[in-house]
Amino acid sequence: MNKTDVIRQVATRTGLPPALCEAALKAFEATCGDALTGAFTGQRHNHSHVVAEMVHRTGASAEDCAQLLKAFEQVLDEALRDKLGFKGKRPR
0 MNKTDVIRQV
10 ATRTGLPPAL
20 CEAALKAFEA
30 TCGDALTGAF
40 TGQRHNHSHV
50 VAEMVHRTGA
60 SAEDCAQLLK
70 AFEQVLDEAL
80 RDKLGFKGKR
90 PR
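Everything in the sequence shown is counted per numbering that gives the first Met the number 0, starting at 0 for the first residue and increasing by one.
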């Protein structure tokens with residue numbers, strides 16, 4: 000999975016424009032570092048801080064950014080689980 004795939008899946012899940020999803024991913028990575036590496040290592044960040052940074056960097060609403068953050072986490076988690084061959088969904 001590459002960034003384009005992630006952006007496309009997040010746009011589909013959220014119903015938000017791909018351009019906004021791409022800007023949010025860039026803001027997410029600027030705040031949290033490499034998203035795929037973070038997902039692999041289980042690194043988590045303070046959601047309110049990440050959402051605030053996404054709002055600042057994208058100009059989108061806090062509600063949209065929170066929705067985007069959740070969708071990014073889900074897409075990356077599912078991609079990692081698929082890549083490693085884990086079955087089922089991770090408990091939330």
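These aren't lab readings, by the way, just hints derived from the structure by calculation.
Just to be clear, a hint being listed does not mean it is correct.
[Stated by the list, open to error] The list that follows gives simulated cross-link-like pairs (lysine to aspartate or glutamate, EDC-like), each with its CA atoms no further than 20 Å apart:
no., residue 1, residue 2
1, K25, D76
2, K2, E72
3, K2, D76
4, K69, D81
5, K2, E28
6, K82, D63
7, K25, D81
8, K25, D63
9, K69, D4
10, K25, D4
11, K25, E62
12, K82, E72
13, K2, E21
14, K82, E52
15, K2, D81
16, K82, D4
Hints, verified against the model:
At roughly 18 Å between alpha-carbon atoms, K25 and D76 fall within 20 Å of each other, so this suggested pair holds. A hinted pair counts as satisfied when its Cα atoms are at most 20 Å apart, and K2 with E72 qualifies at roughly 13 Å. A hinted pair counts as satisfied when its Cα atoms are at most 20 Å apart, and K2 with D76 qualifies at roughly 14 Å. This hinted pair checks out: K69 and D81 have alpha carbons roughly 18 Å apart, not beyond 20 Å.
For the hint pairing K2 with E28, the CA-to-CA distance comes to about 11 Å; that is within 20 Å, so the pair holds. Restraint check for K82 and D63: the C-alpha separation of about 28 Å exceeds 20 Å, so the hint is violated. For the hint linking K25 to D81, the alpha-carbon distance of about 24 Å lies beyond 20 Å, and the restraint is violated. Between K25 and D63 the CA atoms are separated by roughly 15 Å; this keeps the pair inside 20 Å, and the hint holds.
Restraint check for K69 and D4: the C-alpha separation of about 16 Å stays at or below 20 Å, so the hint holds. Between K25 and D4, the direct Cα distance comes to roughly 14 Å. Compliance with the 20 Å bound is thereby established for this hinted pair. Proposed proximity of K25 and E62 is supported: the alpha carbons are some 18 Å apart, at most 20 Å. Between K82 and E72 the alpha-carbon distance is near 15 Å, which keeps this suggested pair within the 20 Å criterion.
Pair hint K2 plus E21 holds up; C-alpha atoms about 8 Å apart against a cutoff of 20 Å. Annotation: proposed proximity of K82 to E52 is violated, straight-line Cα distance about 29 Å (limit 20 Å). For a cut-off of 20 Å, the pair hint linking K2 to D81 stands: about 16 Å separates their Cα positions. Only pairs whose Cα atoms come within 20 Å are accepted, and K82 paired with D4 is accepted, the gap being roughly 14 Å.
Violated hints, in rising order: 6, 7, 14; the structure is consistent with all others.
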